[in-house]
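Read off the chains here:
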Amino acid sequence: MIVLSALFAGLVFGLGLIVSGMANPAKVLGFLDLAGPWDPSLAFVMAGAIAVGFLAFLIARKMQRSLLGAEMKLPAPGRTDRRLVAGSVLFGMGWGLAGFCPGPGLVALGMGEPKAVVFVLAMLAGMVVFEVLERRRP
Amino acid sequence: MMTLDWNAFTPWPALAGGLLIGFAAAMLVLLNGRIAGISGILGGLLRPVRGDAGWRMAFVIGLLGAPLGYRMFSALPPIQVDADYGLLIAAGLLVGVGTRYGSGCTSGHGVCGLSRLSPRSLVATITFMAAGFAVVFVLRHFLKF
Numbered sequence: 001m002i003v004l005s006a007l008f009a010g011l012v013f014g015l016g017l018i019v020s021g022m023a024n025p026a027k028v029l030g031f032l033d034l035a036g037p038w039d040p041s042l043a044f045v046m047a048g049a050i051a052v053g054f055l056a057f058l059i060a061r062k063m064q065r066s067l068l069g070a071e072m073k074l075p076a077p078g079r080t081d082r083r084l085v086a087g088s089v090l091f092g093m094g095w096g097l098a099g100f101c102p103g104p105g106l107v108a109l110g111m112g113e114p115k116a117v118v119f120v121l122a123m124l125a126g127m128v129v130f131e132v133l134e135r136r137r138p
Numbered sequence: 139m140m141t142l143d144w145n146a147f148t149p150w151p152a153l154a155g156g157l158l159i160g161f162a163a164a165m166l167v168l169l170n171g172r173i174a175g176i177s178g179i180l181g182g183l184l185r186p187v188r189g190d191a192g193w194r195m196a197f198v199i200g201l202l203g204a205p206l207g208y209r210m211f212s213a214l215p216p217i218q219v220d221a222d223y224g225l226l227i228a229a230g231l232l233v234g235v236g237t238r239y240g241s242g243c244t245s246g247h248g249v250c251g252l253s254r255l256s257p258r259s260l261v262a263t264i265t266f267m268a269a270g271f272a273v274v275f276v277l278r279h280f281l282k283f
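Chains A and B are the protein sequences, given in the same order.
So that you can map any letter, position 86 of the first sequence is 86 in my numbering, and since no number is skipped, the others follow by simple counting.
So that you can map any letter, position 79 of the second sequence is 217 in my numbering, and since no number is skipped, the others follow by simple counting.
Chain A with its partners taken away, still in its complex shape:
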């Protein structure tokens, strides 16, 4: 059941990215280009998602176990440290270079877009680099 619900959640998430236009890097870059003719659509996507998400997490916070009986794995409050900020700077730079973040990259890959294949492979390579560096940490 846990696997089935995750499959369905991934499917709905991907449909949301397609419907919203966010699977299209040109549209994402239209939002990130403040100095050009600006397309605020991405802000509306965030607003819609957060409106529902806010209610869901309000409920989730009070739950001992998930509706399917799984452990609630909500992130513990952590420090806002250099790793968080430096990582987010690198991510934002990569996002701005091509207009792809992880979700839309995978959805565009599912559309058969060859450029998304290259992006996703490079992204996975970047994640492997992180794993290797992490394991070397004393």
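I should point out that these hints are in silico values taken from the structure, not numbers from a laboratory.
Just so you know, nobody snuck in bad clues.
Computed Cβ-Cβ distance ranges for the label pairs, DEER-style:
{"#": "1", "chain 1": "A", "residue 1": "V117", "chain 2": "B", "residue 2": "D190", "range": "25 to 31 Å"}
{"#": "2", "chain 1": "A", "residue 1": "M1", "chain 2": "B", "residue 2": "W144", "range": "42 to 48 Å"}
{"#": "3", "chain 1": "A", "residue 1": "K73", "chain 2": "B", "residue 2": "V276", "range": "36 to 42 Å"}
{"#": "4", "chain 1": "B", "residue 1": "M195", "chain 2": "A", "residue 2": "G36", "range": "34 to 40 Å"}
Cβ atoms here follow ideal geometry from the backbone N, Cα and C, with glycine treated the same way.
Given chain A, put chain B in place with the hints provided.
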């Protein structure tokens, strides 16, 4: 002075798609007790823990299969990738390393984190958006890409 691109601006589909994304995140947390953060879900697959890989794979397959599902109802909207392959490789590496160090991306911090009113996610979201704005400004208006 900022100018709005009224031809590109699609408030209603954006809002509708956003609601779907919110429902997906709601489903994953209420049914599975998990955060719908794509980079975290992918990253967890590179560090497999017994019994933890199945739902991650399923979520990724759902994302990959979404275009197929969409096509059952309507033609897929065209997408446009202007970046060349060199730029895409650089972008992918930065997104991969950055999201793992920063513990999240647009979905994990931007949608789920802000929904949870997490201060860390607010800082992350402001930071990656600012970096994105800056890079696009330099590329488009300074280097004239």
